[in-house]
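S.K.: Spelled out, the chains give:
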Amino acid sequence: MTKQPITSDNLLSRLSPKASFVLWFVMVVTCCLVLLAEFSKAEAKYNAGLLAALEINSAEHQAAIALGQNYQNKLLVLVGDKQLQSATSTASDIRKQLQGKAWLESIYSNPLDAKKLQQLISYYGASPFSYLASEHKARLQKAIAEKKAQPVSDNFFSLLNQWSDPIVSQSLEQDATLTLASFLKERLFAQSSGASKWQFSQQEFMLTGDELNYIPIFITIKASHLNMRDSVDIYKTLQSIKSDYSQVNTEADTSSEILMTGMILHSAAASLQAQSEISSFGVFSLVGVMLIIFLAFRAITPLIASLAVIGCALLVGLVALTLVFESIHLLAFVFAVSILGIAVDYGFHVLVLRQHTQASAQVIRNKVFLPLTIALASTIAGYSLFFTTPIELLHQVVIFVGFGLVGAYLSALLLLPHIHFKNIGSSFALQPKQHSTYLTIATILMLAGISILNFDDSIANLNTKAEVLVKQEQKVSSLTGETVYPHMVVISDKDQEALLNKTQELAENLRAQGAILKSIADWQLSKSAQQNNIDLVQANWQLNNYQDVSSYLADNAIERSLKQAKPLELDPAFIAQYTGVNIKEIDNKYWTALLLNELPSKNQKQLIAQSLDSHYINLPQALSQQLTQVRTDIIYVALPAAIIILVILSLYFGFSSAVVMLLVPVVSSGLALVFSQLFQTSLNIFNVLACLLIITLAIDYMVFFRAHGATKLISHTVSLSAISSALTFGIMSFSTTPAVSSFGLTLLLGISLAWLLSHLTPLTNIKK
Amino acid sequence: MNKTKTTLFNKLQLPIATLLFILLSLSSVAFNSHAESETKAQSNAEAIEPLKGTFLQSKNIKPLKRPFKSSGHFVYFPTKGLLWQTEKPVKSVKLFANEGVYKVDQHGTLQKEAQLDNAFFLALFAGDEQKLAQFFITQPITNDDATLTCLALTPKSDTMKSLFAQIQLCTKAMNNNVKLPVTIALLEEKGNRTDINFQLSDTPLTAQELAYFD
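Top line first, the protein sequences correspond to chains A and B. No gaps in the numbering here: position 640 of the first sequence is 640 in the numbering used here, and each next residue is one more. One gets the numbering used here by counting positions in the second sequence from 1 and adding 1000 to each.
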């Protein structure tokens, strides 16, 4: 029995053409004004790269991210040349070129330059006995134990004995006992030793490679300039300097190179990649969709009308996105290109009716209102499931697509029924013999194929890094003997002083097991530890161990210094500029990190696990585990959602129809996963997320077939929708970001299968 | 006129040819002798013996109420490096070798010191004007002793400027074409001054001292 097409009378259907247009126009103008106001407020914050799109909630991971921010504004450029002097001179030219840049906080090649040294001397010089070099401390302890002055005077004389030492000569005025000089020398040079290959040659801080000598340029970027636009500017500036330099040197035929590393460069490269994909996918999708519209209607008016629907969808989506989110992820736009395919569907449903009937705008509106509303509700419901994930990128996609579709829906209902054109156009209709066997075979195939599915949500497989930057990082890492991004152990405590003591103890224990690491406790001691150091100097003074040293100093110089000595106030933020390690307050606790040069060994990991409030951080692993968790959780969210959809469909079309209407989308998405597995070594969360969308889109097809019957007209409309959606999603499978390409591929396959099964599965013979 | 010239040229042709021949012969002799001297220098370098001497260092630093004086021995092996042994007031041994600077601990073990630069120290000690010109603007200084060559070295790079305002170096040529510093004065921006005086000694080299250069 053929069902009568379902129509409805509603407020929109009673609107006059003029009123409809005015309402649509007001919506568009309002959105434009809001968008203008939003853009004029401040620089919109954008971010790129998949890691930035994920949220991770545990306190230790949040601490690790916060402490790792110190690395986000740092860049290391290595200027390599056969001749050290040429490298030095090029590095100097580059520093001069970058000197005036608004984003630049600091730039230098020698980490021990006079200005930095002076800043350290003035901080520590306020109480020079608070901090002791370990070797000096051992000598002071030895002097007391052996009741000899020699270890104390040896330290003083050894330092003075050198031909020239900037640390000694600059710190002498603050501390003539050279306690401060010993401390600074040990700490500053310890930073450039260990496994590191940094050295001084011809008085330049440098690295020696197999063929070239390298002069470093250490760059710090102002925190206010870490946004996407400035990152891209910085990246382009450095690339341009690099290419200018390469050109000059190719002409001069000398062997040289410039290497660059820094997290900000990855963000910039990811941003440029995303921008390129947004524009290329956008253009291809738009041209493809326009071609389909033109073929379907062979007239300019429906083409313009469809573009108005798409434009309005993009506009409303963008307004919602800028109003809801402070920082927008560029990958959201890549995912959101799919809106073109779905938005144009709404236009097709109205325009096809317009094309094939001479009915009034009101009749057309009545006819499409219910299926369009159900399609809108189910698509938004499907996308809304993304809110259950901790992936903010997907939340942004939901907002953009959800609101965008409302814009498309309103445009399709308000504007399109009033369009007039007479061309027949090409038919995309297909009316094969429908039989339930097809769905049965597809179901069996899907069930059989599920066993071959192999999932791997490792974040490394989902994200891409610019290959050229990765290669440079590997080279820099091999040259410096240090990892570009250190391994992190986070330590916490409610009290800052206790945290420093705990950190110092763990750092010492790990070093005893061979770890090479950076720790804030090398530069910031708790007040009690500082007082112990002062007491040690005082004890030596009282034992007259400073006798030889005193003969060179002004009368009572040491006595005066000891009287004034008191523990220094902590200033981790100041020290973080030099060491890269800071203390952050998160969740009412203080957190710091030990930065390890290598992956901790089994014993070192055990040591960390045994230490109170200490955690070894493996952020990629934590994120991957979280994604796996989300993927399994989706099933628990999708099941109740499917039941709700089944109930809604049952109310309109009867239970039996509803079951088949739901089975087709479920089988399509399941088979899409099975077929995706043939193209991918492993599936991931984004393939699964694509299934949610396949279900919502496929339900639309089923609703149209069920509501209006399996007619050529509906086949034509559904085919147009499917082709346009498959085109816009399918193009995403060409993305260089595996997350996006996985999503696009499964959607392309799923939509194609849904289109096929919706045509092959009989619905009209099922009784309500 | 032309004819006269031609005649004159013809007349002078023989003496000119003779003169050219003599000049060429002389230059070939000169060339041979230069080549010979290079070969000699090479063989000298190969046969160069290490030099041992004493040093006296005096540091005048503003915050110190009296100059800091230290003394010790040095062994200079022109092709291999410099061994710097301070004896007073504190014992310490440093080796400035071609591969880097090493601190020699009490057990005789070498520990590389990444922060110290061998190239500059060796160039300074060798009085190698060509190498020193890479780092300094060099200017000769007049002095009373004709056997000494004295240079004022003003640093070129900012790094070097942060260490020294000027270095005054006086060297003396030894018998085997080797120069040895007699005095080095290191002048710093803040007015600090280090004077190092060198003197060759007859003390024989020990096997241990020589072993450092292997």
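In case anyone wonders, no lab produced these hints; they're calculated from the structure. Remember, it's a predicted structure, so these values are computed and weren't measured experimentally. From the three backbone atoms N, C-alpha and C, an ideal C-beta is built for every residue, glycine too. Worth double-checking, as some hints may not be accurate.
[Said to hold, decoys possible] Straight line, CA to CA, 30 Å or less: simulated BS3-like cross-link-like pairs of lysine-lysine:
hint: 1; chain 1: B; residue 1: 1065; chain 2: A; residue 2: 96
hint: 2; chain 1: A; residue 1: 236; chain 2: A; residue 2: 41
hint: 3; chain 1: A; residue 1: 116; chain 2: A; residue 2: 566
hint: 4; chain 1: B; residue 1: 1172; chain 2: B; residue 2: 1080
hint: 5; chain 1: B; residue 1: 1161; chain 2: A; residue 2: 197
hint: 6; chain 1: B; residue 1: 1065; chain 2: B; residue 2: 1080
hint: 7; chain 1: B; residue 1: 1190; chain 2: A; residue 2: 148
hint: 8; chain 1: A; residue 1: 115; chain 2: B; residue 2: 1156
hint: 9; chain 1: B; residue 1: 1065; chain 2: A; residue 2: 115
[As the list claims (entries may be wrong)] Some residues of chain A that are not near chain B, with every Cβ distance over 12 Å (derived):
hint: 10; residue: 113
hint: 11; residue: 294
hint: 12; residue: 374
hint: 13; residue: 392
hint: 14; residue: 557
hint: 15; residue: 605
hint: 16; residue: 636
[Said to hold, decoys possible] Output of the computed footprint for chain B on chain A, the stretches with three or more beta carbons under 8 Å from beta carbons of chain B:
hint: 17; region: 144-158
hint: 18; region: 441-454
hint: 19; region: 735-742
S.K.: Each hint: holds or not?
M.R.: Hint check:
1. B/1065 - A/96: Given that 30 Å is the threshold and the Cα spacing comes to 42 Å, the pair is violated.
2. A/236 - A/41: 26 Å, holds
3. A/116 - A/566: Holds, at roughly 24 Å.
4. B/1172 - B/1080: Holds, at roughly 19 Å.
5. B/1161 - A/197: Answer holds: residue 1161 of chain B to residue 197 of chain A is near 25 Å, not above 30 Å.
6. B/1065 - B/1080: It is violated: about 39 Å lies between the C-alpha atoms, which goes past 30 Å.
7. B/1190 - A/148: Roughly 34 Å between the alpha carbons, so the hint for residue 1190 of chain B and residue 148 of chain A is violated.
8. A/115 - B/1156: 18 Å, holds
9. B/1065 - A/115: With a Cα-Cα distance of about 27 Å, the restraint between residue 1065 of chain B and residue 115 of chain A holds, given a limit of 30 Å.
10. 113: Residue 113 of chain A not clear of chain B: closest Cβ-Cβ about 7 Å, inside 12 Å.
11. 294: Correct as stated: the minimum Cβ-Cβ distance to chain B is 67 Å, above 12 Å.
12. 374: The claim holds: residue 374 of chain A sits with its nearest Cβ about 72 Å from chain B, beyond 12 Å.
13. 392: 45 Å, holds
14. 557: The claim breaks: residue 557 of chain A does not keep its Cβ more than 12 Å from every Cβ of chain B (closest is about 8 Å).
15. 605: Given a closest Cβ separation of 30 Å, the condition holds.
16. 636: Non-interface label on residue 636 of chain A holds, nearest chain B Cβ at 57 Å vs cutoff 12 Å.
17. 144-158: As far as the region 144-158 of chain A goes, the hint holds, because 4 residues have Cβ atoms under 8 Å from chain B.
18. 441-454: violated (count 0)
19. 735-742: As far as the region 735-742 of chain A goes, the hint is violated, because 0 residues have Cβ atoms under 8 Å from chain B.
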